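Residue numbers (UniProt numbering), protein chains in the order written: chain D, 1 to 274; chain W, 1 to 274; chain V, 1 to 274; chain Z, 1 to 274.
Hints may contain errors.
One side only, chain V facing chain Z, incomplete, derived with CB under 8 Å [stated by the list, open to error]:
1. P174
2. G176
3. Q179
4. S225
5. R231
6. N232
7. A235
8. E238
9. Q242
10. A243
11. I245
12. A250
13. C252
14. G254
15. L256
16. R259
No wet-lab data here; the hints were simulated from the structure.
No experiment lies behind these values; they were computed from the predicted model shown.
Glycine included, each C-beta is placed from N, C-alpha and C at the ideal position.
There are 4 protein chains.
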Amino acid sequence: MVPNPPISLAQGDDLIIGGRRFHSRLFTGTGKYPSMEVMQQSIKRSACEMVTVAVRRVQAVAAGHAGLMEAIDWTRIWMLPNTAGCTNAEEAVRVARLGRELAKLAGQEDNTFVKLEVIPDGRHLLPDPIGTLQAAEQLVNEGFTVLPYINADPLLAKHLEDAGCATVMPLGSPIGSGQGLNNAANIALIIENASVPVVVDAGIGVPSEAAQALEMGADAVLVNSAIALARNPAAMAEAMGQAVIAGRTAFCAGRLPRREEASASSPTTGLVSS
Amino acid sequence: MVPNPPISLAQGDDLIIGGRRFHSRLFTGTGKYPSMEVMQQSIKRSACEMVTVAVRRVQAVAAGHAGLMEAIDWTRIWMLPNTAGCTNAEEAVRVARLGRELAKLAGQEDNTFVKLEVIPDGRHLLPDPIGTLQAAEQLVNEGFTVLPYINADPLLAKHLEDAGCATVMPLGSPIGSGQGLNNAANIALIIENASVPVVVDAGIGVPSEAAQALEMGADAVLVNSAIALARNPAAMAEAMGQAVIAGRTAFCAGRLPRREEASASSPTTGLVSS
Amino acid sequence: MVPNPPISLAQGDDLIIGGRRFHSRLFTGTGKYPSMEVMQQSIKRSACEMVTVAVRRVQAVAAGHAGLMEAIDWTRIWMLPNTAGCTNAEEAVRVARLGRELAKLAGQEDNTFVKLEVIPDGRHLLPDPIGTLQAAEQLVNEGFTVLPYINADPLLAKHLEDAGCATVMPLGSPIGSGQGLNNAANIALIIENASVPVVVDAGIGVPSEAAQALEMGADAVLVNSAIALARNPAAMAEAMGQAVIAGRTAFCAGRLPRREEASASSPTTGLVSS
Amino acid sequence: MVPNPPISLAQGDDLIIGGRRFHSRLFTGTGKYPSMEVMQQSIKRSACEMVTVAVRRVQAVAAGHAGLMEAIDWTRIWMLPNTAGCTNAEEAVRVARLGRELAKLAGQEDNTFVKLEVIPDGRHLLPDPIGTLQAAEQLVNEGFTVLPYINADPLLAKHLEDAGCATVMPLGSPIGSGQGLNNAANIALIIENASVPVVVDAGIGVPSEAAQALEMGADAVLVNSAIALARNPAAMAEAMGQAVIAGRTAFCAGRLPRREEASASSPTTGLVSS
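Bound conformation, chain D alone:
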């Protein structure tokens, strides 16, 4: 979605998804952190307001997930339950419903958000366009606010938007790879065509890549591995938060045109001999 940039950021440049307003355009996750404490610090220093949670991992009290629900202050952080580990639409719908219960347990009675992941392949972790669309249609019908994770396919994004999804979440590169925006050209087309917010998810490895997504006009980014697996996760979280603000500010400020040739900062015309 290429919004009409606000005259002034001071007038408010919030992101609205499913009727809910967010100041921060950075979403983070809960996986892969060395400890709960590091996760807590990282979430805090990122200044994010939405954190995704793998419903199945929490249900299973999988490694690194014990105490997760208690570790986050759900009065400040909006929960984005995700369907990680689901290989088909049916499973994803079932896990999304469990996610709704999880959000209620966290005190978010009105939270209908779900990050929809339908990932048949355990190696490359790429989403299934057909299963994702099918699950999205079902979940929208059930009243969910659906944020589907997709390959950067502009036509698939359009189908999901038409099906009533609240955003589209194209991937930059495979989950956890830190390869950055391999699909930048397609993401640009998605942004150009979408009338829902576009959230770049997966593949971002460093703050510059997060900033790049925002500069292109993406509405937000979701970053997990790049923070959790940094040498200093909390510092990296802060850097990601800064970069997202920088990228959004730059998008609204309007970049200089790229030029084929150089152009002097200090033109030489009008020079007198020194």
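Dock chains W, V and Z against chain D, hints included.
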């Protein structure tokens, strides 16, 4: 220069050039702004502490340069006189001396800094390695703190360092082109080998590219056109300042390794059936 | 598909699609040529053996399509009817059937090939994953040899393969854009996973990009605009043919590993003083 | 050098260096081959006419260099002695003189060619711009036909041309790294400005990268590691030869313009309903 990153940024992560300490790792310029007022706002919002000034343009009171000296608060901003417009070593040495006088006029008695530009070619504005080295040797002998603008050539950088330059300033892409870090691989080699600070100069078009330079280990960046020619220069200046902080923080935080393959944020091992 | 490369190319390294054997791994088209004569020369010099034809354009005797059927020697060139201009599955199925008739008219009684294009959007000309899969299933049922044109989505490619398609044809970048392989990372994943031939279609602008696709392990490429719109189409056709052979040969020859660092061609160990 | 492309390649599109005419625009090397036999086959299948030889390695009868002089048919292959292993101008000049003797021993009485390498750094193997220029001036004075190996610096290239060098040989990426044309933007500027042939040397890993250099307007490429270290060197040599021809043909044929947007191969205007 790949520094041993400080344990904590709070302990101080200042940039030291020629014995002088800078908090900000963003340098800006004075060319191409739509007005003096916009330049003033931009410098302020960028939070930079060093601004480069084209000595010949000021001497000539060229278009956009009337009142420049008075427009900047030289008690807060360190002047970096530059030799833009000089096509050979001799001219550059002469203009560097004038720059020293200019700094004195601004009340900076001890300012010996000069951004050395020897640019024979008015079209691509690329620096001459031979003339630059020659002028650098002369200026170091005369007691200048020399910051030479160079093509991203690791061996030339070494020669300049050996000649006593205070930094090296490799270009990302041609001046004013906004093409970003076309020479990233060479810049990385310069950073790896240098024992003086490396300042990426020219070609940066958006904050993400500034952040990228810092993430790679560059010590600072100089940005002029990307700010001055943005639709909203002052907002872009702020974004550049944020991105430089984000990039430096990320460099110190240590990025996750790039991976050939995906890696689940929420591993599927240990899942129970939902 | 990453084949076990043949011990020797001399033993035959033909491409087999739908049971039919092709020596050349370059497919070309019939659109956008300045004249029929130039098209004829270009097809000849490319040494291609399969040419795609826009069925609707031929039916409509659209500009540049009068005499097209007679201009090509269908005893040597295999016709690949395409469904360009179809915006949904239903239309595409209908046009595919017309294509079969067209091939019969050209004397290719047993030609069941169809290049399936379902493109709702007239601007970016990107394929619809849902409509394409739906049409592919129908056409496979009707006995067609289906070569679907798709966005570079590895999971969609898998669905189409499972549906019985004879190849998958991921796009490098938008049709006619000449931007090259923007989606290279995804194309690599498709190649890794596919057990049908992978044909890179659309976006190739120069021979090096065609060679790159083959080097990555793609089985063939389809090139139209880059030939037809070159200043000298016939010469460019020849260059494309050469590049495809070079790329395939290189793939089978096995490239040297990429290295982070330099490695001397002429090691300096063992040197005596000169 | 951007030549006025010949009307027809059939009229002759030879490369002329130092007054000598070459049909092939691929130069190869003699280092790193698994055996003399493989080297011989590779040179033959590459169809190259100029092969570079490390003078110091031959003098020292270093590993892999015994019998080298006898292994190549110097009545067909032009020797390009190189100064690999020289760390300063003085050494390089001395070794160049030895190279001249070596060429005489091979029966090439009039061979004054030298590939000038001045490489102080044994790790990244990057050339020294200052030492290279100094040695080049000396060698030109002594009547050598000098082909200097340089970092892709347009201004340095100009200095070397002015000094009387017969070509400039900018590197794509570090020797043996197979990273391709990291410096493409700078190489393009060198080509645009040069009036001597531009030979891209070092870093080429696959045929597509060789083709890319020629498509950009480079006059030739030198490839060693990518052939010698391929799994099947002789097949890779053939592929390189093909790709160089393809790239040159494409350069002369004139590529289609890159477009921001798609452009239908089969325009939909004028369609009748099917």
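Checked hints:
1. P174: The hint holds - P174 (chain V) has a Cβ within 8 Å of chain Z, the shortest such distance being about 4 Å.
2. G176: holds (3 Å)
3. Q179: holds (6 Å)
4. S225: holds (6 Å)
5. R231: R231 (chain V) check passes; min Cβ-Cβ to chain Z is 3 Å, inside 8 Å.
6. N232: Result: holds, 4 Å to nearest chain Z Cβ.
7. A235: holds (4 Å)
8. E238: holds (6 Å)
9. Q242: Holds. Min distance 4 Å.
10. A243: holds (4 Å)
11. I245: At about 6 Å, which falls below the 8 Å cut-off, the nearest Cβ of chain Z leaves the hint on I245 (chain V) intact, so it holds.
12. A250: Cβ of A250 (chain V) sits 4 Å from chain Z, so the hint holds.
13. C252: holds (6 Å)
14. G254: At 3 Å from the nearest chain Z Cβ, G254 (chain V) passes the 8 Å test, so the hint holds.
15. L256: Holds: closest Cβ of chain Z sits about 4 Å from L256 (chain V), inside 8 Å.
16. R259: With Cβ-Cβ at 5 Å, under 8 Å, it holds.
Taken one by one, the earlier hints all hold for this structure without exception.
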